[in-house]
Amino acid sequence: MDGKLKISAGAIVLLAASTLNAAANEKITFGTNWLAQAEHGGYYQAVADGTYAACGLDVTIMQGGPQVSGRPLLLAGKIDFYMGGNMLQAFDAVQQEIPLRVVAASFQKEPQVIMSHPGQGLDRWEDLKNADQYIIGDEGAQSYFQWMITEFGFDPAKRVPYTFNPAPFIANPKSIQQGYVTSEPFAVAKEGGFQPNLFLLADYGFDTYATTIETMQATIDKRPEVVQCFVDGSAKGWYNYLYGDNAAANAAIKKDNPDISDEQIAFSIEQMKKFGIVDSGDTEKLGIGAMTDARIQSFYDKMVKAKVVPADVDIKKSYTLAFVNKGVGIDLKK
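All letters in the sequence shown, in the order written, are residues -22 to -1, 1 to 312 by mature numbering (1 follows the signal peptide of the UniProt record, and there is no 0).
Derived by calculation from the structure, the hints in this document are not laboratory data.
If you're wondering where the values come from, they're calculated on a predicted model, not measured in any experiment.
Treat the hints with care, since some could be wrong.
In silico lysine-lysine, PhoX-like type, Cα no more than 20 Å apart, as pairs [as the list claims (entries may be wrong)]:
no.	residue 1	residue 2
1	K252	K312
2	K252	K311
3	K5	K200
4	K136	K152
5	K295	K280
6	K200	K56
7	K251	K312
8	K107	K136
9	K263	K304
Work the whole structure out from these sequences, hints included.
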């Protein structure tokens, strides 16, 4: 597994809004935060179908994984863009006085879900706090679980660590477990033989953006046309991946991550569409990648209330709206 996908082309599209232009075949590296999967499909699509190349970028996707720390590479200038998780990492960068900015949000909804067994008195969001056990990982326990405690009265004493093994959840029908809507439900159905109830945190008020595109302020200042091309190309890539022919992108994903199955990819795409992970809400008018000040402020306020982040973060330093909300790619939706 070479961990990289690379396609070159010599086309240039001049950006009228900028006096600078992306040089033909300007080499760009985008680091993802996990192994290649359908949840990265829009970026692979934009490489595979030449969308990035059309405005002069020769994009290499450097996949992440358990042994890869991508954000330090971004901070060190070794890669140009990085796939963030959600806005909490960007808020943390402001606290650390790191000049990192989110320039687009590929996911309107974080795909985080809580799962429960059907028919066990845990069929409604309001019931979940009554579960005997909450199986939630350390990262979740320090972020969205704090919000669940503050907003909905979940009992912190019931939390046990999630080890990325669904067996304890499958074995205990009175338990609930974290997961990604695109991943863990697939594993539970295969290994447990049942379809779990799914509660997408975003639908209950955990309104962070996710799968963000991060870059350094220096890149924005020195190469705005590169940032615009990458943001626009990623949006078009996502439209084409979700609504067009994604065979080449999926082949590239499987090349980088041979362990992923066609069945898993198909499930993830179906879930992203069903739950509006990429394309919903503001994207209908503003396009994929959309962000708003109000939405980011709302999420920040909730995290302050839950004591996840301090109340004095200048969150305007964590992102910019200069490259999004232009409706790019909406015409590609089929």
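Taking the hints in turn, this is what the structure says about them:
Of the pairs offered as hints, the one joining K252 and K312 holds, with about 15 Å between alpha carbons and a cut-off of 20 Å not exceeded. At roughly 15 Å between alpha-carbon atoms, K252 and K311 fall within 20 Å of each other, so this suggested pair holds. Taking the CA atoms of K5 and K200, the gap is about 15 Å. The hint holds against a cut of 20 Å. Between K136 and K152, the direct Cα distance comes to roughly 12 Å. Compliance with the 20 Å bound is thereby established for this hinted pair.
Using a Cα cut-off of 20 Å, the hinted pair K295 and K280 holds, with the two alpha carbons roughly 18 Å apart. Proposed proximity of K200 and K56 is supported: the alpha carbons are some 16 Å apart, at most 20 Å. A distance of roughly 13 Å separates the Cα atoms of K251 and K312; the hinted pair therefore holds under the 20 Å criterion. For a cut-off of 20 Å, the pair hint linking K107 to K136 stands: about 9 Å separates their Cα positions.
In summary, the hint linking K263 to K304 is supported, as the alpha carbons are separated by about 9 Å, within the 20 Å threshold.
Checked against the numbered hints above, the structure violates none of them.
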